[in-house]
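Asker: Using the supplied hints, reconstruct the complex from the two chains, each of which is provided in its own coordinate frame.
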Amino acid sequence: MSVGQQAGSPPHSKKRPSRPLGDASAARNISKGFFVKLAVMAGFNAGGVYGLLSAWAVGTWGLFAGLVVAVIVANWVYFSRRAIPGKYLYPGLLFLFTYQLFTMAYTGYVAFTNYGDGHNSTKEDAISAILSYNEKRVEGTAGYPLTVLEDSDGDIHFGIVDNGEPRVGDSEEGFTNVDATTDGTRITALDGYTVLGFGDIAARQDEVVNLRVPISDDPNDGSLRTTDATNAYVYRSLLEYDESSDRMTNLETGVEYAPNDRGNFVSPDGEELTPGWRVGVGFENFTKMFTDSRISGPFFQILVWTFAFAFLSVATTFALGLALALVFNDPRVRGRKIYRSLLILPYAFPGFLSALVWRGMLNERFGFINEVILGGAAVPWLTDPWLAKFSIIMVNLWLGFPYMFLICTGTLQSIPGDVLESAKVDGASPWRVLRSIILPLLMVSTAPLLISSFAFNFNNFALIYMLTGGGPNFSGSPLMIGSTDILISMVYSVAFESGVKQYGLASAVSILIFIFVGVISWLGFRKTKQLEEL
Amino acid sequence: MQRSIPAVAAVLGMALVLSSCSGESDSPETSDPTASEAAPSGSMVIWVDETRINDFTDVIETFKTERNVNVEVVQKASGDIRTEFIQQVPTGEGPDVIVGAHDWLGELVSNGVVAPVELGDKAAEFTEISTQAFTYEGTTYGVPYSIESIALVRNDELVSETPATFDELIEQGEDLDAKYPVLLQQGAEGDAYHMYPLQTSFGAPVFAYENGAYTAEIGMGGDAGHAFAEYLKKLGDDGIIDSNIGGDQAKEAFLAGESPYMITGPWYASEFAAEGMDISIHEIPSAGGEPAQPFTGVQGAYISAKAANPVLANDFVVNFLSTEEAADALYAAGGRQPALTASAEKVDNELTVAFGEVAAKGVPMPSLPEMGAVWGFWGATQVAIFSGQEKDAPAAWDSMISNIEEAMSGS
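If you're matching them up, the sequences are chains A and B in order.
Residues in the first sequence are numbered consecutively from 1, following our numbering.
Residues in the second sequence are numbered consecutively from 535, following our numbering.
Bound-form chain B, shown alone (with noise of 0.2 Å):
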């Protein structure tokens, strides 16, 4: 009897909490099936990051209401959200649906967690980039939604002309006396997304493309490799470009006047034009005799190849993304240059479309899975080059491509 009441009010505690928890448990399945006309007849999990969250708000909306579903947004870090889907997809607890950019695509693909996408006849009403970039080993993972590149930004206060050549153009910075001739962002560890345009037009592509796809074959090794080497020294040995302007630098400069042109994306067009600059947009002129071509991200959406709602998830990003409505809304709320063409056509917005002319005529960024380790060897080793670190710029050169296909054999 000594102990009996607090036992047996334990007891009952937890009776009266296991009944609740169970009765709470089964109301959603016994409901379902017979879903009524206002219930929604399903639901989906989708992430997003920070970046793009505003893009998709209203077009989520409108999902939800046409198909009468449940759509859960999950707002994650964009510095966290490819390795959480990575590991969270194998233990069931990831979305149905991610958002992001197609050069995840190859880390995704190569850990099993993003399912094949079949866009049937729609995918020809993309541009042609857009869909290259969602296509990895000859099948396509995800839709995509808008494409962006980076482009020679001019101040048209300064310069109403540009010529065809990068030394011209320098040379032409030179005479106005302006600060920085051209401004190219840069940083301690280098950046070779904005230093691309000029390598390519060197002939020295990061990997082999071939038939809208790379292959793993590392293209910028040979003389073409070298004389950009070479072309980086003499930059850096002529003040033009320098470790020490970083994204932020440039951007401040370019506001303050300092220099006529800034070879820079969508992003900070935007701000300039906010400002209330007199900004043009222009495609890159060739240092190497052949196209500057720049790289192209694309936006898009994936689905988990552990989905929990499979036939939601391909309803939402094949069949309602890919419509021209649901285009429209993204390029209202986002304003990032569509990858459906019927949509990009209706854009007005100047600089927009003159991003996109040059993102059409860029190349996608490589996605293959070791990209992390070639971004970081790249970049630095044209900080090295250029700052003087390293007098013999073809051999930094070469070491650098075995380090890179070094740290892709050697995984």
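Just chain A, same shape as in the assembly (with noise of 0.2 Å):
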């Protein structure tokens, strides 16, 4: 609100309402509104601000460098006179960055890792977790009741009582007999020395948690740690990393682990340290639909299947959309709001409810349709191959419909009565009309509609996945995919649910579903060019 009061310092402008508007002088010519855009800006600088801060606190560099670039921009944008396309192209080229070529670049750069299960993270990250994992509780060994001491040099050292003796120790010195103040179990106090508190150690947490104190001179008999401040127990590390050599070693034998460029580390005989650690693998994601036996068997079915279900589901429901729009287009017909209303109805419900209404309506022995439509019969609409296709398209037609229904309604009242009726006049047949006026005519508009509509279905995954989750099954296929997957619905089950997830796989796949509908879109666009110059 300090802007506010900014604001109110050059009190004269609001009193010159009348000044001529050949004045081009900024210092005089402050209106209302640059009051109400540099509110606008300072609110979003203290955003920015705020996201630089919180950039740099957990060091994301890349975030912080879009952001210092988004900043500047826009106050140059915003404060320059010169710049005015730029006042209303930088919005939106600010979301399509952030939402869509931020997300496209970042997709591209998975396709060529092996991110998934098993290599989540940075090495620096599978180390600790390696380390961390292979450091284990000596067995045989008691629980130290454990305080935790810090001296004059603001060290921390930890404290426990064993057999009656307190002692005290640190990584360097180990421990050593002291005389402190026990009540039995636990140092309450000792000279030189501060317990700290549940709160004092609430802010050195890591310091805590990452320290060692060799309960011996023998390093074989492990140290103490603690990782709750209360109990410290005795661990050794069964495995070793050396910075220098980038190597692992087993210490009680002796093997050797090193890094490979699958992201594991590996001893000579092929034994892997999990987790491993996310690495670039090439083109490997991509050619592995054509090579891995397990995905290139089914997937010329698949793609098929894909194609048709796409080609079936744009033909459906743009026939029966554009039949009730010449319908209800009709001026005799009587009601036509009321029933337009209706018909849009299947369109105002979300698609993911509608299609687990439906799965449930067409279940083979309690669904509404066998049950009280036919009567109690037995038609296995969603587990037979062929009925399941059938009964997607049939579901995505009642779902599509209206939208064809909408924008054919549309185009055929912008027709222009004059053409109809001078083709009436000349003698034409209702079907005539029909085929040389009105669906030229309404092909020109609607045909860009038409192939988004088909790039929509090709990748239409939660009808797929709502209603029959792609099955039936192929039985015995090493996949989990069926006769209704398509190629979008495989990736899913291909990449997580076919064993462990690979997101790299998935990216990589995706990448090419998108090659194929922008190829299919372009050669789309190309022939309704030709469709314009009628």
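A portion of the hints provided could be inaccurate.
As the list claims (entries may be wrong) - Ranges between beta-carbon positions, derived for each pair: (1) E584/B x L94/A: 30 to 36 Å; (2) S943/B x S341/A: 55 to 61 Å; (3) G791/B x G376/A: 50 to 56 Å.
Unchecked claim - In silico DSS-like links for lysine-lysine, alpha-carbon gap of 27 Å or less: (4) K895/B x K389/A; (5) K895/B x K656/B; (6) K136/A x K656/B; (7) K925/B x K768/B; (8) K610/B x K598/B; (9) K598/B x K656/B.
To be verified - Pulled from the structure, derived: some chain A residues nowhere near chain B, Cβ distances all over 12 Å: (10) I127; (11) V209; (12) P331; (13) L382; (14) P478.
Honestly, the hints are just simulated from the structure, not real lab data.
No residue lacks a Cβ here, since even glycine has one placed at the ideal position from N, Cα and C.
Answerer: In structure tokens form, the structure reads like this:
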């Protein structure tokens, strides 16, 4: 609100509303709008600076650089008098970068890595996880109630009572006997040291949990560590990491584990340590679709069904939508408004929900369709491969025709009446009018929408996933895929359901699908251009 | 001079914003080390999903006041919590503690996102199966708080004696002229979880189970597996199990009194009791001669491998959740059979006790990272067998096993 005070300081501006427009001096031309802009920009900058500070604090430098650019460009664009187009373009570009380009770039990056279960993070994280998983409590050793102490230099020490003897130590010196006050199990006070309370420990948690105090002079006896600052146990590391040689060594067997190019430490006889880390794997994820026999086998079959599904979905919904639009466009139909509103209803329900409801209605034994409409018939709507395909198309028809109905109605209403009238005068039959006048004019404006609808259905994951889950499954197939799976749901199954999660593979295949859809749309739009030249 | 006023104003605005922001970020740092008695001495973040959050609301309040710390509870969607945790921990945005089921363990460990915990002597205070469930390759990674499994729920208004074998149980149901002799929920994708007690009764465990831990070796192949596959086919042919009967349909049928028995868990049994049905809980009769052991699911809390507040997290999970008071409070809020023996003994709800007894005799659900693929193939093959899609049950069973082996090695 400090900006508000700022805004109040030049009081004269408001009293001169009738200043001639020709005066271009900014100093005298400060309007109300400028202060609004100032307030908005101050808010934006505040958000930006907050983001910068947060990014700085956690060390995400990519985000930091992006924010610096975004904030500087925003201030330049909106305070400069020369960047008029920029003022309109900036918000759009900002959203384009955050929501589209960044996501695409990140997907592209992931596609070239082996990111997935077992390769989840950086090498640094993997090393610390491997070391922590292999630091095991020494069997048969006692647990010690622990006191955390701070010496005059501010260094942290562990205090324990061992066989009635109070002892204190840190990582370098190990434990030495001290003359401390105890309550029998715990040290409660010691000269030259401060006993740290819960609050003090909470402020220095990392120091406390990372401290290892050797229990004796022999390093093989292990060292004392704590995780909760009240109890300590003797642990021994099974593995040691040497940074200079980049090797993990098993301290008991002496086996060395070297990092490989797959992002794992491996011993000479092939034993891998988990977890691994994320590494680049080149084009492997892209070629896997064609080289992995599990995927390449059913790939063709699924590709054909994907095209069939997308094409039939568009064709059926468009046919029904157009037919209804033609009928309800005729002024002789009474109550058109009511019918039209009712027809749009399926479009108003969320697709997810409708698919789930349909799934229930199509259940073989208990579904509404079989039980009530067909009087107890046992039609396997979703469990027979061909009927499942049919059901999918039908449900998608129900979901999709209102959209086509809407756009066709809109286009029909924009077809000039005199054109139709002159056709009638020339003696054209209604069928002829439809074929030679209405359809060509209609296609000019709806063809691009049909192409985008094709692209949407090509990737209509939600419907497949909710209605059949891709089933009925190909029995005995090495992947969890079935007769109604389309490419995108197959990717989901391969990358997430038929084994461990493989984000790299999923990203690569979705890029391939993107290329497919892109090429098809491009060809389609080229065709549409020809339509426009009619 | 032309553009000076907007420029100056902009710089001034920036400066004001900057100074107010830096002032904000300074304050917690300065106040922290010299925290007074009243100010919380630390804070941590816990992720819980909607199915478990009610269990935890009260205990977290108690922990906050007892330890004088701040606990931020973040509710996540049950479908996403595990994936989000695995994705967020490496970025440093993850929580300190996550509450979840034990069968997540393999995936969490293989991704290096959970930290080992040391229960010390407290380990002996929990039921054995619950601590076993949180142990992976010899290391314990979480602290259990409740156990549950499925059991045989009997409608006492229809029958009062339960026979010793599953075949006799079906006969009993058929003699009653019930619409369903027994309800065993399946679905289009199958449900190997509810089918598992029948499978174990044929001596065909999913993985070889030795010394309270699963090995990665598939145990359901061979003659025992084939015998179970044949039995499945027989159940399907006789119309006892049906892929069209999912959980909802089975529940409705049992509520309507259409079957004397349903194999299900406390989640539905408590609904039946609330509807005023006269029910009792029993062990599932054996179909293949050996004990019919269900999978036991264990709920517990894990600590993130990159917890920002490791001491607080350990204090909460290891020291606090393992106390009898916390276990009692968790039971009072959630009604799940406590994993802590002392609290379990105090439970007086008949249903919970009976379910607890069955659960304690069960086997932990395997927590290998590849379980997702195992469940998929397993359920789908069972459906294919009992729905008659696969005529040769043993052959279908064998191809399922080779598919699972391939999925486990192909990663």
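Asker: Run every hint past the structure and note whether it holds.
Answerer: Tested hints:
1. The supplied range of 30 to 36 Å is met by E584/B and L94/A, whose beta-carbon atoms lie about 34 Å from each other.
2. Remark: the range hint 55 to 61 Å for S943/B to S341/A is upheld by a beta-carbon distance near 57 Å.
3. Under the hint 50 to 56 Å, the C-beta atoms of G791/B and G376/A, about 21 Å apart, miss the expected range.
4. Restraint check for K895/B and K389/A: not satisfied, since their Cα atoms lie roughly 44 Å apart, outside the 27 Å limit.
5. Taking the CA atoms of K895/B and K656/B, the gap is near 21 Å; set against the 27 Å cutoff, the hint holds.
6. With a C-alpha separation of about 17 Å, the suggested pair K136/A and K656/B falls inside the 27 Å cut-off, and the hint holds.
7. Taking the CA atoms of K925/B and K768/B, the gap is near 11 Å; set against the 27 Å cutoff, the hint holds.
8. Proximity of K610/B to K598/B is assessed by CA-CA distance (about 21 Å); at most 27 Å being required, the pair is judged to hold.
9. Between the alpha carbons of K598/B and K656/B the distance comes to roughly 22 Å, so the proposed pair stays at or under 27 Å and holds.
10. Non-interface call for I127/A relative to chain B: violated, since the shortest CB-CB distance, roughly 9 Å, does not exceed 12 Å.
11. Not every Cβ of chain B is farther than 12 Å from the Cβ of V209/A; the closest lies at roughly 5 Å, contradicting the non-interface assignment.
12. Non-interface call for P331/A relative to chain B: holds, since the shortest CB-CB distance, roughly 48 Å, exceeds 12 Å.
13. The Cβ of L382/A does not lie farther than 12 Å from every Cβ of chain B; its closest approach is about 7 Å, which violates its non-interface assignment.
14. Non-interface call for P478/A relative to chain B: violated, since the shortest CB-CB distance, roughly 5 Å, does not exceed 12 Å.
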